[in-house]
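Just so you know, the protein sequences line up as chains A and B, in that order. First residue of the first sequence: 1, per the UniProt record's numbering; consecutive thereafter. First residue of the second sequence: 1, per the UniProt record's numbering; consecutive thereafter.
There's no promise every hint is true.
Chain copies aren't distinguished; within one or between two, either way the pair holds.
Said to hold, decoys possible - In silico DSS-like links for lysine-lysine, alpha-carbon gap of 27 angstroms or less: (1) Lys441 to Lys610; (2) Lys344 to Lys588; (3) Lys25 to Lys488; (4) Lys491 to Lys11.
Think of the hints as simulated: they come from the structure by calculation, not from any bench. A quick note: this is a predicted structure, and the numbers were derived from the prediction, not measured.
Here is how the chains run, residue by residue.
There are 2 protein chains.
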Amino acid sequence: MTSEISHQQHKVSFSSPRGFLTTFKSDLKETFLPDDPFSQFHDEKPHHRLRKGIQYFIPIFKWLPNYKFSMFRFDLLAGITIASLAIPQGISYAKLAKIPPIIGLYSSFVPPFVYAVFGDSKHLAVGTVAACSVFIAETIGNLVSPHDDPALYLHLVFTATFVSGITQAALGFLRLGILVDFLSHSTITGFMGGTAILICLQQLKGFFGMKHFTKNTDAVSVFRAVFAYKHEWRWESAVAGIIFLIFLQFTRYLGSRKPKLFFISAVSPILVVIVGGVFAYLIHGQDHGIEIVGELKKGINPPSIQYLNFDSKYIPAVIKAGTVTSFIALAEGIAIGRSFANLKNDQVDGNKEIIAFGLMNLVGSFTSCYLTTGPFSKTAVNYNAGAKTAMSNIVMAVCMGLTLVFLAPLFSHTPIVALSAVIFSAMLGLIKYDHAIHLFKVDKFDFCICLSAFFGVAFITMDMGLMISVGLSLLRALLYVARPATCKLGKVPNSTLYRDTEQYPGVAAIPGMLVLQLGSPIYFANSNYIRERILRWIRDEQSKFSNSEEDIKIEHVLLDLTGVSTIDVTGIETLIELRRTLEGRGIKVAIINPNLKVMEKLIASHFIDKIGKENVYLSVGDAVDCCKLSLQKLKPNDAV
Amino acid sequence: MTSEISHQQHKVSFSSPRGFLTTFKSDLKETFLPDDPFSQFHDEKPHHRLRKGIQYFIPIFKWLPNYKFSMFRFDLLAGITIASLAIPQGISYAKLAKIPPIIGLYSSFVPPFVYAVFGDSKHLAVGTVAACSVFIAETIGNLVSPHDDPALYLHLVFTATFVSGITQAALGFLRLGILVDFLSHSTITGFMGGTAILICLQQLKGFFGMKHFTKNTDAVSVFRAVFAYKHEWRWESAVAGIIFLIFLQFTRYLGSRKPKLFFISAVSPILVVIVGGVFAYLIHGQDHGIEIVGELKKGINPPSIQYLNFDSKYIPAVIKAGTVTSFIALAEGIAIGRSFANLKNDQVDGNKEIIAFGLMNLVGSFTSCYLTTGPFSKTAVNYNAGAKTAMSNIVMAVCMGLTLVFLAPLFSHTPIVALSAVIFSAMLGLIKYDHAIHLFKVDKFDFCICLSAFFGVAFITMDMGLMISVGLSLLRALLYVARPATCKLGKVPNSTLYRDTEQYPGVAAIPGMLVLQLGSPIYFANSNYIRERILRWIRDEQSKFSNSEEDIKIEHVLLDLTGVSTIDVTGIETLIELRRTLEGRGIKVAIINPNLKVMEKLIASHFIDKIGKENVYLSVGDAVDCCKLSLQKLKPNDAV
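Let's have the full structure, built from the sequences with the hints guiding it.
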């Protein structure tokens with residue numbers, strides 16, 4: 001045995017386990033503070049720390065003092081551009097949420113101010129989202145009809161916004177942004193696509209100038225309703241709608257082809273609204289079947305805190321609408337903030353961003369706004385228009401304030417069909433065929449997750465679609481964990497490397513030995529599988545040799561634990577049991593390169609004592625060399 | 001660039017991805033058939049295959065033809081021993097389930113026959129389990145009182161057994177034994193311990209010969225009830241109980257110390273029952289406050305299929321009782337079958353075993369039996385008594401049949417206090433202090449999972465305890481996945497190995513480079529974390545160097561993907577984004593040794609095209625050498 005140890009070139013570290021508090025603190029930190037937000041406070045004087053702390057929690061104090069007029073030029077332009085988008089989108093999405101259109105305008109006034117103070121992202125533009133608007137209408141509309149009792153319905157929407165705000169703020173403070181990560185890109189792609197289809201179908205009502213429609217949101221009901229009320233179709237409305245849509249799609253196409261023409265595509269929605277409004281006013285559109293938005297009062301947001309309604313009859317639906325939309329809004333807002341920050345090499349603190357969204361919606365629910373976040377379309381426009389800081393949000397809010405005070409009544413002439421065209425066009429951009437095709441090519445399971453969200457949303461209900469898709473994602477996460485990959489290693493010719501024999505057909509297995517690489521954590525959910533799998537590798541290997549002429553038995557099983565990130569007690573027990581089983585069959589077990597955490601647990605559970613320190617190696621090469629030596633000792637005539 | 005490639009000693013395999021069907025088939029196989037049960041059917045002639053197939057599905061055809069009389073000696077002894085245990089345990093556990101004691105005896109007659117035919121394990125002894133008995137009483141007893149309507153209650157217990165059987169058979173046929181793996185050892189230890197405490201407390205009723213008691217099962221209610229009816233305490237009963245308990249514990253102690261005396265501990269329960277019965281009969285125990293079991297009819301199991309009750313009023317509780325107990329029973333039965341098979345180097349096919357349990361309970365529910373499985377205590381006795389095959393179960397069943405036909409009425413004199421002592425003693429063995437201490441030492445989170453099951457069961461309800469504990473286990477599984485370990489690698493002196501710098505303080509980091517090892521799958525649940533973590537590593541590294549004299553910037557980030565078992569589309573997008581971010585800062589990214597699955601997806605998603613094949617290396621050593629070369633090219637004066 002001693003010769004074996006001396007043969008080992010590289011020493012394995014058996015240092016005694018770190019203290020519980022050390023590991024516990026580091027685990028907590030990795031779980032809740034992976035981005036280490038307080039690293040900037042180290043090594044600072046107290047008053048510096050305080051200033052940095054305030055700047056950390058209220059980012060406006062960080063960027064405003066360094067704000068330069070040269071930046072303001074860019075922010076002004078970007079702010080006006082997104083304001084021009086906020087007016088048609090605000091009115092349209094409010095219609096999707098079945099609340100008065102003015103609420104949509106209010107929602108682009110107060111929340112951007114709040115975000116500019118607390119938000120971390122430089123390019124994010126605040127606004128309402130179509131998907132959340134529809135979800136709110138679906139969930140709360142099931143309980144209270146927006147037509148029969150519009151006041152109560154509106155108050156419940158404010159309450160749902162309040163719930164969203166509380167949920168988001170709590171998630172951020174508790175640093176549970178991790179939960180948002182469980183909405184995968186595939187789920188979001190499918191969900192957005194499904195919602196877009198739904199909303200497009202709903203717009204057929206506006207296109208055809210219909211007065212009656214279904215309350216249901218699934219594709220089949222909506223499609224049926226379009227034809228059920230065929231006698232209400234107005235060709236004038238349809239023609240206007242198609243012209244608007246062609247214009248919008250054409251400018252979008254131009255914008256995407258020639259970046260210089262980007263501004264045309266950015267302002268085309270407001271152009272459609274203005275041209276449509278003037279046109280409807282001049283020809284007295286209402287007499288020709290062209291519906292208009294109707295009354296829009298002058299004046300900025302009235303307070304709405306007194307309307308929050310926590311009646312136990314409505315609270316379950318309100319909580320459902322609030323929490324689900326808060327997650328969808330976060331998934332969109334955080335992802336978008338992050339990806340634009342990445343383009344500019346900035347970093348966004350997810351949990352702080354979540355708090356900013358939460359505060360924005362809390363304040364919003366007190367001031368007649370409904371759910372806002374950082375929608376993709378608006379943020380992209382803001383970025384492309386050259387926004388440098390959150391000042392563009394302030395500019396937008398000021399523009400919206402001016403619009404509310406002076407111009408609001410003018411927009412009452414906007415034809416519904418123009419809004420439908422704006423929504424339709426925006427939604428078409430959300431159906432990402434290419435992304436779905438990419439998913440299909442790269443990962444079929446991801447594609448299924450995406451499709452399940454798409455069809456679930458389009459044909460069942462939005463929450464069912466979301467739940468099925470998230471459920472599938474989690475199932476997959478658990479399957480990864482329950483069925484980790486193992487592979488057999490062989491020696492790469494002319495090197496000291498050992499690699500997967502399936503991946504690298506040229507590598508040579510070592511006679512009498514089986515080198516297995518285990519991946520993933522080993523623990524209760526997969527320890528049985530891992531044991532069975534290792535035993536199967538051994539059976540397969542032995543049956544292979546039993547067919548051949550040579551009579552070489554497996555005498556060593558070497559387990560490469562490099563990829564084993566952690567292990568639990570059930571996992572350790574399985575290894576102990578496995579070793580006992582194999583020793584009973586005359587097969588020796590050695591382990592290779594357990595990492596720090598795994599080694600600590602193996603030492604604490606006396607596994608290392610049982611297996612012997614001489615059977616723990618630092619590299620596959622060391623282990624193979626030692627085992628070869630012992631094979632040669634047993635059979636001195638066989639030169640292995 | 002070409003010189004870099006030529007410098008690479010070892011070629012990375014970029015073979016085009018395997019076909020979808022190939023990977024899909026292999027994934028399905030790993031998920032549902034990890035133990036490859038059909039491997040034995042390869043390369044066989046059709047009639048051999050048929051015979052092997054029948055032997056596979058009905059194992060008795062495999063072992064019975066080779067059965068020898070020499071084995072029967074052992075099986076006979078073992079069978080009689082476990083029968084002697086089955087009588088007191090059967091009666092006692094039936095009392096726990098609040099059903100007539102005779103049902104407990106029936107349950108050791110039919111099910112062992114069924115198991116002997118379909119079961120795979122050689123040492124497993126069939127019997128009822130205390131934990132499931134109490135759970136059934138708790139769940140169904142909440143709906144129908146076993147005292148007020150004993151017939152309906154009993155019929156619902158049969159129905160729950162039927163549901164258990166169906167559930168188990170379905171799990172086995174669908175090869176979903178994987179679900180049982182999600183009950184970790186820690187959960188089971190805690191759950192069993194908590195149940196044992198509960199049951200011990202309940203036995204105080206029998207010990208003190210009380211007539212009134214609480215319906216609740218939580219520790220506080222039971223403890224309160226014991227003192228609430230203090231006036232019913234009978235000292236005669238308590239004295240007898242303590243004597244019995246001391247005897248049982250003493251023989252158990254003897255048996256554990258001296259293996260030769262094992263038989264004394266195995267038969268001590270039946271001795272207690274017989275001695276107690278004779279004693280109670282002689283002194284007319286009932287006049288002295290010593291309650292007896294009462295009526296036990298002669299005759300074997302009557303059919304009960306006509307009693308199965310699927311009334312919609314009761315079905316939710318019945319389904320709950322049936323499914324939860326089926327899982328508990330499986331967790332115990334499968335784990336025990338496996339561990340005893342391991343001791344003898346046999347293998348047990350989990351899913352086949354589950355089908356056997358399912359059939360056993362289905363047939364049991366038709367023949368007046370309630371839930372049975374392979375309880376630990378009985379199986380250990382069977383193994384220690386020398387059982388060689390499932391024949392010992394047949395011997396036990398025959399003994400039970402004889403008892404039912406001839407001796408049953410004799411056991412009607414058994415004092416309740418003797419049964420309480422038998423239960424109490426069995427339960428004390430289930431509280432594994434040492435295991436809990438082991439958990440505490442090795443893994444604090446496992447300890448918490450165990451404690452939550454223990455306290456949940458003891459102080460809330462059994463199902464809540466189980467749910468909390470399983471929930472914590474799953475949370476942990478997801479946390480592992482959401483927060484995978486990453487570490488920085490450095491070069492081990494005088495070798496080509498690269499290891500964790502934290503674990504091996506002697507290893508040297510390479511100036512200008514950051515080598516990171518990623519573990520676990522990279523996918524939606526952790527991709528944000530991994531990006532943030534890598535960026536933090538780079539920040540930390542750069543701030544370290546900025547403090548020192550030298551001005552060495554990180555120019556290369558090398559990601560060792562050896563431990564990355566798989567990747568999804570979100571994960572790949574994160575890598576692409578990360579690379580763009582880092583290239584923007586002038587940092588080059590290379591990846592090292594992606595495994596087969598990961599490489600296939602990286603190729604399919606064009607990641608490899610984007611990063612360039614020259615930036616994919618087979619080993620850390622290769623990558624570091626190449627990057628050193630490019631560093632030297634940039635700064636010819638710096639000898640790195």
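Under a CA distance limit of 27 angstroms, which applies to lysine 491 and lysine 11: within one copy, between copies, both, or neither? For lysine 491 and lysine 11, both the intra-copy (21 angstroms) and inter-copy (13 angstroms) Cα distances are at most 27 angstroms.
Have a look at lysine 344 and lysine 588 and pick one of within, between, both or neither, based on CA distance no larger than 27 angstroms. between (55 angstroms within a copy, 17 angstroms between copies)
One pair to classify: lysine 441 and lysine 610, alpha carbons no more than 27 angstroms apart. Within, between, both, or neither? Answer is between: at 17 angstroms across copies they meet the 27 angstroms cutoff, but 48 angstroms inside does not.
Since the copies are identical, ignore which copy is meant and state whether lysine 25 and lysine 488 lie within 27 angstroms (CA to CA) inside a copy, between copies, both or neither. Between. Shortest inter-copy distance 19 angstroms satisfies the 27 angstroms Cα cut-off; intra-copy 37 angstroms does not.
No hint from the list above goes unmet by this structure.
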